[in-house]
Each structure stands twice: as C-alpha cells, then as structure tokens.
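Novice: Listed below are the residues making up each chain.
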Amino acid sequence: MQPMKPEQKRSVLENSPQAQPSDLEEYERLLSLRFTEDPDQPPAASPEEQSEADVQLKREDRIKQLYRKLFSSVAAPAQQSRR
Amino acid sequence: MAVVSKIMRAGAAKPNPLTICIVANPVIEAPWNAGTVAKDPLIGQLAAFQAAATYIDSALFGLLPGQQENLLADPALMPFIRVVSLYDDAVPITLQNALVAQDGGSNILVARRTAFSPFLAQYAINADVAYAVSASVTHTRASAWFTTDDDTQGGVPFTLDGNQFFHRFYNTIPGTVAIHVTANSLTALHEFGHAISSYSNGKILDLYVDSPAALNNNVGRPIPASFCSYQGTVFSTDPVRNGLGYPGSWLSYHCELIDPACPAVMDNYWLCGKGPVACLHDAVTKAFIRDRVVAKINRP
Chain A
3 MQPMKPEQKR
13 SVLENSPQAQ
23 PSDLEEYERL
33 LSLRFTEDPD
43 QPPAASPEEQ
53 SEADVQLKRE
63 DRIKQLYRKL
73 FSSVAAPAQQ
83 SRR
Chain B
5 MAVVSKIMRA
15 GAAKPNPLTI
25 CIVANPVIEA
35 PWNAGTVAKD
45 PLIGQLAAFQ
55 AAATYIDSAL
65 FGLLPGQQEN
75 LLADPALMPF
85 IRVVSLYDDA
95 VPITLQNALV
105 AQDGGSNILV
115 ARRTAFSPFL
125 AQYAINADVA
135 YAVSASVTHT
145 RASAWFTTDD
155 DTQGGVPFTL
165 DGNQFFHRFY
175 NTIPGTVAIH
185 VTANSLTALH
195 EFGHAISSYS
205 NGKILDLYVD
215 SPAALNNNVG
225 RPIPASFCSY
235 QGTVFSTDPV
245 RNGLGYPGSW
255 LSYHCELIDP
265 ACPAVMDNYW
275 LCGKGPVACL
285 HDAVTKAFIR
295 DRVVAKINRP
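Chains as they are written, first to last, in our numbering: chain A, 3 to 85; chain B, 5 to 304.
Read the hints as simulated data drawn from the structure, not as lab findings.
None of these values were measured; they are calculated from a predicted model.
We treat Cβ as the ideally placed atom computed from N, Cα and C, and that holds for glycine.
Here are the simulated BS3-like pairs of lysine-lysine, each with C-alpha atoms no more than 27 Å apart in a straight line: (1) B:K43 / B:K10; (2) A:K11 / A:K60; (3) A:K60 / A:K71; (4) A:K71 / A:K7; (5) A:K11 / B:K278; (6) B:K43 / A:K66; (7) B:K278 / B:K290; (8) A:K11 / A:K66; (9) A:K7 / B:K278; (10) A:K7 / B:K290.
Here are the in silico distance ranges between beta carbons for each label pair: (11) B:A217 / A:P49: 21 to 29 Å; (12) A:Q58 / B:L99: 19 to 27 Å; (13) A:Q58 / B:W254: 19 to 27 Å; (14) B:P216 / A:Q20: 23 to 31 Å.
Chain B on its own, in the form it takes in the complex (with noise of 0.2 Å):
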C-alpha cells in the first residue's frame, strides 16, 4: 500500500470547487522549530485516521449525533464542497514533509502551514482548508491558523463597521488545521472557524479567552449594546456571554448569539449545560462564514 486517496465529497463539478482536505500527517517535527523529525505514529494506523476523516467530514456538515450547527450542510453550500482525504505511508521523512510540529511549550499540535500546499501539489489537491491528522503520544490539542488571502487576486466585497474588505476567493497559504487522531465533538467545527477565516479580511478568534478585536471579538467597556456593522446589518452585543459571564479582567465582548442558551462554536463548548454539539455560531460569525464560503464556491 502507498497512496489512499478518497473523495468524500465530490463538490462542485469544476476546475477549482471550494476543496478541504484532511491529510494523514506524514512526519511530524518535535519540538515545533527544531528540524528534527520522525514519522508519525498515524502512518500504518489506514482505519484510525479514516475514522478521523469521517468524524471530521461529519462535523463540518452537522452530522454529529445531536449536533445543532449545521451551516455547511445547506443545500445551497454542501453539494459544491469538495472533501478529500489522503493517506500516503511511504513519504520519506524528511521536514519539507513533516505537516504537524510538537510545540515545545505546551501539548498543542501545530500546523507547519507552509508545508501544506507543496505537499498537497504533489497529489493534484489545492485546498482552500487543510487539516492534517496526527496520533502523536504526548501531543493532542488541536490548534489552527487562518487562511493567508491572495490579495491581488478577486474577491466579493464586504463592509464591516464601514470598511471595505474582501471575501477573497483564492490564498497563498491555506486554513491549516493540526488536529489529533482521537479529537471529538465540536473540535473540527471550532478549527474550521479559525482556519476559514483571514489574516486579511477577518480573522474569527478564541472567545474562550481575553482575545484582540477582530471579526467576532469587540474590546472596550463599558459594553455597548451594538457589536458590529456587517453588510449593512447591524448586529446586536451578547451583554451576558451566554450566561458565563466576562471575567472582570477582561476587555473582550461578543457578538449576540443564535442560542443564548448555549456558547458560541468559538467558545468554550465543553461548558454548554446542553453538551457541546448543542452550540451554534454567534451571529455574525455565521454570516461572515457563509458570505466567505459562497464567494469561493462561485468563484471564477
């Protein structure tokens, strides 16, 4: 056996649907920047990360038992998604190769995002998000970077609190996503958030913890009762975070919420009273998602 590759989802009948990928991580670099590598303990695991790849599949479309968020599985959205997954047991081991790293200060799995698409090149996938599935022994929390826009390529026009940006419908660096073998629930769905996102044209953060002001997360108190002008909708503050209220260190605020009984996706789901499959997107995050992921499934 070398190569498995398998179409999950066959998406839009075109050159360039909107394509995820979810790589077998190949090798993995320990400690994250120190250029030593080894193979990954997935490699010879062909079932344990095509189960990964279908719990992955599934939690992006809402499939989960009992999960509520279901964006991507909009008829208008899923049937145009390419979704492939690749698993290839005889890559040399060598850091070109080496897709997740093993950070030195904490169990998080990092994303060697560069790495991605001359990897990928190599089987004729060009992904707009990538995850790559590792079964690392010390390492298993999820970690993901936003998509690095093509700005000098197109895109659909947006205004957010009356600036111009861009749903842009290329990237020179994917969404990367280092998820282990055995991650559960709403985890996928949590790092497909970040990993859609932009460094350049909204970034959708951690509201589990104090962030920066970015698409989904306003900073400042007192709390206005307004969070944001997106499209020409105003978009209305969650005063209360869901009921788990803002620690009085910080200065962060979100976006009102779909179900106030739940947190947001972006959140800390764990600690929905519903379990976390019952969380939804805030508000705005879900319209800029969906904006973003029509604009690159119709894209030229």
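Just chain A, with the same shape it has in the complex (with noise of 0.2 Å):
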C-alpha cells in the first residue's frame, strides 16, 4: 500500500480537528494489514478460521469507523467494502 506523504498526513488532522495522531496511525495500521491476508481462501470451515473472518469483518468496520473520523469534512460516509 502506498505510504502517504507528510504533508498528506499534516492535512488530514489540520481537515479533521477530532481526529488524533493515534487514529490516523490505527487506520493506516488496519489498512496494511487487510492486504496481509488472503482474502481468497477457501470459506472458514473450522472455528479458528470462522474467527478470523470475524476478525476480517470487525477490521473493516473500524476502518469505516476511522475513515468517517479523519475524513468526515471531505467524503461521504464509507460504502459497502468488505470482501
């Protein structure tokens, strides 16, 4: 995943006065990870498996949580984006 820029960064706290460092940090932390794991394995056929797609969805969640934060006074609420 692309890094974003410093000035990038500066902006979106500068754009978004509710959101901390940490959020930022947290989101951009969660996002590298979705792409960590793949998202084509077979369907979750045991308990540990079924656990971690709830983990996977819990993930895009917050991330949707984070993105409304730190972009609220520039883009809509997130849409559908989980796999």
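With the hints as a guide, bring the two chains together.
Specialist: Have a look at this one:
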C-alpha cells in the first residue's frame, strides 16, 4: 500500500480536528493489515477460521469508523467495502 | 482502435518467461464489492496509459532519474524478464472485466485479484505480477495483493530461521497491483515488493506501520541484534529504523539497511532526506526478491 506523504498526514489532521494522530496511525495499520491476509481462502471450515473471518469483518468496520472520523470533512460515509 | 498490446521487454526466449503485465483497467467497481461498475476514465487516454506503463517499467528496472534501487536491472535478471502492456478500449462493461475497485473506506485502489488471470488469458498473457492502471477521479492510492503460489508445483527450496519454504515457479493467483495513472517515484517499485511476495512462502509487508511478523518484519521487544537467518546467512537488525525511529507503541522491527542513510523501499520512502528515489530495499528483502525472481526465470 502506497505510503502517505507527511504533508498528506498533516492535512488530514488539520482538516479533522476531532481526529488524533493515533487515529490515523491505527487507520493506516488496519488498512495495511488488510492486504497481508489472502482474501480468497476457502470459506471458514473450522471455528478457528470462522474466528479469523470475524476479526476481518470487525477490522473493516473499524476502518470505516476511522475513515468517517478522519475524512468526514471531505468525504461521505464509507459504503460497502468488505469481501 | 481496439487492442494495443506492446512488448516492452521480450524476456527469455522460452514458453513461460517471468512476465510482468501492465494493463489499462477497462472497468472499475465502485465501491469495492458492491457489484456496480463503470468504464474506467483511463479508457480513451491511450497516451496517458502508455506514459504510466513507461513509468512503471522505469521504476522496476531502476531507470528513474536518480533512482538507486536497481535490483532488476542486474544483467543476470533484466534480459530474462518479459514486460507487456495491454490497452483495450472495447471491453464490455461487466463486473468480470473490472480489475480495479474503489475502496469504500479510503482513497485506495484495490486490485480485484481473481479477475486478472481470466481477463489476461483472453490476450494469451500469463502474468506473474500484473499492474492495472486506473484514472479514477476520486481514488489515487496504490495497493497490492501478494501472489498466491501454486504449492502443488515445484520451486526452489529455501530456509528462513530453520524452516523450509519454496520460491515457487507458478501461481494460482498472480501478484496484483492497482495503481493510479498519476503514480510516481518509487510507488510502482514498492508495490512490486508486495506483489512478488507470497502468502505461503514469504510476505513482504509495509514497514511504515506496526506490522505482523513476516519476511521483512519481526515483532518483539527488546529489539535483538539479529533479524533472521535466510539461506544460512544471518541478517542483522536495523536498531534505529534509519533514524526515523520505532514509535514507542510499536512492536515491529526491521532488517539491516543496505544504505542506512535512507529508509527501506518498503518503508515510507517519502521521508528519505535524499529524496525517495535514493531508497534501497533492506538486506533480506533484496536477497529474497532476487532469489524468487531467479527461481521464476529458471523454472522448467
């Protein structure tokens, strides 16, 4: 995932006073984490795999929450984005 | 005009050379996983696509002005890598032809990775890594998925911290990149680092966030002196992350840098004091990519 430039990070935080640098750090971490897991694994067959799928769904929900917090001044709320 | 396909680099004279494909994204899904599609704004802009393809090729082979990372320019590698570009302005606007989606929770372009092989097969292209170039008007940030290796076929074995893995010859899903037509600097090279890596045989992760353990990232505190043992060679840790420092909340730590004056290519290259094009891969990432590329070049 393409990294953000320092000026882009500053702009996000300046335009979203309700957001903290830790929000942006968490948002970036979760977005990057998304791509570290094969999205085309077979459907969950075991409780452990189902648990992993649940974690992924919660992560996508958290990404949307943070997106709204960080970018509410420039973007509409996120729509469907989970696989 | 319909199809404009260009062989940018012929690669090895064999039926299955290591192949990198750069394709003009014909159809875009927005938002991701919604199933709603439209023609990508890139279609109709052949010159812009060709400029983007030239940029991607340049970044891959160390040809950007001032670029220091030139791993693939090695005479033992470059002549054997095939690079093809593909532009087709007559592709039906259907979901199966959408190679890129717009993320609903960011401005990230997401590769629709399972669509690539069936799409490219129509043009007799079998890619190891594929870039889809988009001219989305709202989403400009590149991303990549790692390769899904074909672990039922052969490969070159290697050891990482005492465990055996393989640089696999073939994939079931190629490494895929979604990239904007305006991308520049090391972005295409950074995404290649992800895409050439493997979900089952070594992941190359972003180093600018606190990432899980992988080929190029370890986790724990205190930070040890040794990073890993790859193919019997012990690599040291970068204790200071090029001077950017590891934030106090992180558990990640990275491999030694080849040039300690610059962040690694997989880190935030925009932060390099000498300019992003001065960045090099860290030591183990460079060794891994080189070995993986050699394995694919020499596959049966």
